[in-house]
Amino acid sequence: MSESKTAAFFRAEGTLIKSGVLQAAAYMASQRAGMRERLLRFGQTALAAPIFGVLGQNDRTLGNRIAHLSYRDITDDRVAILAEEYVEDILKEKILDSGLELMKQAKKDGHRIVVISEGISEIMEGLLPHLRHVDELICNRLEYKDRKATGTLLDPIVGGYDGGTWLKEYARKHELDLERSVAFAGHGPDLLLLSSVGKPCAVNPDFTLRKAAKEADWPVMEYTA
Amino acid sequence: MSFSVKSEYAGKHILLTGGTGFVGKVWLVMALTRLPDIGRIYVLMRGKGRSVKDRWLKIVNENPAFRPLHEKHGAGLSKFIADRVEVIQGTLDSPNMSIEDSVADRLRDKVDLIVNCAGLVDFNPDVRVAVSSNLDGSMHVADFAASCKNAAMIHVSTCYVAGTRDGFISETIADTAPNGTPLDAEAEYKRLQEIIVETEAENESEETVKALTDEVVARVKKRGYEPTEKRVSGTVGRLKAKRLREVMSLAGMDRAKELGWPNTYTYTKALAEMLTKSRYPNLRHTVLRPAIVESAVDFPFPGWNEGFNTSGPLIYLASTWLRHIPAKPGNPLDIIPVDLVVNGIFVAGAAVMRGEHEEVYQTGSSDRATLTIDRLTELSALGNRQHLRKTGVNRVETLLLSRWDAVASDPEHMLNVSNIREVVFQVSRYLRHGRPEKIPSEWKEEAENMAKTADKAQRKLRQIEEVLELFMPFTYDHYMVFEARALDKHQVDEPEFRFRPEDINWRKYWLECHMPGLRRWCFPKQYENKETEIYTPKVPFVMLEDGAAAAPNPQEAR
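So the protein lines, in turn, are chains Z and A. When you line the first sequence up against our numbering, it's residues 1059 to 1283, in that order. When you line the second sequence up against our numbering, it's residues 17 to 574, in that order.
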């Protein structure tokens, strides 16, 4: 009987990259066409900051929804060009080498590498070549109508508390043995993701996750580069 | 029924007019590249101040469109071309196209297809020139085609013969003017000729001559000279000629607008279609109407473009501090890459030779892959952003101008070109006449320099304003979608000849192909006062007699 497959799940924000969705949304807002539009959208992005602050350690869905509202009416052309710029100018520099090492090791160990990100597909797909070992990317997707973003994220939204439910479905589809799989994440809402695999690891955890990791006796890793 | 373009053209002899223009050159190079078994191609050319042979040599050796041929054949290109191409001296504005009689007789026997790409693509020309090129010229080509033993003809026109009609423009030749007036093409042709005669007479009238003379005398006196007969008559003669060109241009434009065409170009092209249809009912011919022909997507190489084009001024404007492009969001601007147009010409040409042709083929994108003017404006802004971020000469360009996005806006917007020009004019006036009298002489000098700069800017803004006005019918006033389905009636075996605008990825085309192409091939001459880059082949092409002479020694050639 052949051995079933395993995967290594990496939550991108905090594990592989230093930057989060707020920075990306703020960058996009500041590069809209026209000063009025820039100010309006930048203000909308700023509104999401306290939401992430208050609820971010439990459920980031609302924060994500508000942050991405600032994408409203931006064209797919502009998103594509700005995403390219954002990756090249900013995000590439925010990649955590230690995270890359973890990914390299996981790949060597025979795991399928799955990156899970709150970031939008236009940005994350541009980042993939720099992350090198990724087999699959799961990230947020903007909804477009007539080539313009509606400001709504398509379901399922990554970053919510239902990551674990989604993971079980994913494992069944890809015939993954979750018991022998690994996961690296750093936010409270990733608890279900970490608890669904046999080898969880909290990376640069926030308060909620650190507490949970301690209680569950999960390994905790800290790195800044 | 499907056919192979290669087989249809194998052994067929083609007469090409307008072969030195943008579309004509791409047609010629594509024929020589993709149709190796084509018969003989006769390229009708004017010398333009030099011998036809010299002009042909210069074109083949310097024009970048010929690059694929040089790269493919190297030293063998001279023989390859000599075996397939014959350059014929002639001009469309005379009957029989001024082709030498013996040559004309030979062509009448041999030619299977006439591809008429010639025409004047100036929107607002002297009406005499427009009639001569677009009407008389087209009739001379059709006359010649009708006198050939077995020639079919494809006449390259423009989608914009639709004039100021709005909505869906079908692939038919209308028998009314765009304003709905029934139009007798013959009568209109005569009317145009009468307009020319009347305008000439008016320019020679006593009243006009007297007004010009009085003006010149006053001017001469003002300068402190004696208004002698010799001095005055010479200047009056020059002014009369200049005035004639201006009134001729206005006369054409007025008549065009009266009937619902936005300019003389589209009006005369429309009349040419109607006249050919009514005068030559037995001639196997078809009309191919391209929309706005722009940079190649693939052939002869991505981004190839030359000369004046429609999107160039808009893109150039989007790269400046003037960010308000007069354009109505949602209006399609029907851009079509030159190589797709040429594909259409080959397919329509094959169809007309087979006698299976349609009356009109439109090659545009609005029906199948709409590009709206607002999307085009944003793509231009994004393209300039990418370009300036990489190549900006200072931080103002890399950080500020690159983010100074152009937007489609109402022509009456407060910051439109006209208002900005007015502000610049007022600044210049203040610097010259409104500044305080008692200021240091260095300041005066500085003010004078600034006024000169303002004058220059004002002139440039005026040019831009004029170009924008010319394009307003297409960018703002009218919503037009050109049907482009007739070519689909012919199933073509070779994928490289298919007309498929829906395959264009506009973002990729605009940012990676068209804008870099314009910057390289068009902007230097049009806006930067520089010479256009020329191609230098490793082994120059030389004229051989029908392929009889040997190819040149590459070493010697170098």
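Keep in mind the hints are simulated off the structure, nothing from the lab. All values derive from a computational prediction rather than experimental measurement. Hints are not guaranteed to be accurate.
As the list claims (entries may be wrong) - Under the rule of at most 30 Å between Cα atoms (straight-line distance), these lysine-lysine pairs were calculated in the DSS-like manner: (1) Lys406(A) with Lys1206(Z); (2) Lys256(A) with Lys472(A); (3) Lys1206(Z) with Lys344(A); (4) Lys1152(Z) with Lys406(A); (5) Lys1203(Z) with Lys524(A); (6) Lys1150(Z) with Lys524(A); (7) Lys406(A) with Lys1076(Z).
Inset, instruction - Hint by hint, work out which the structure violates, then give me just those numbers in ascending order. - result: none
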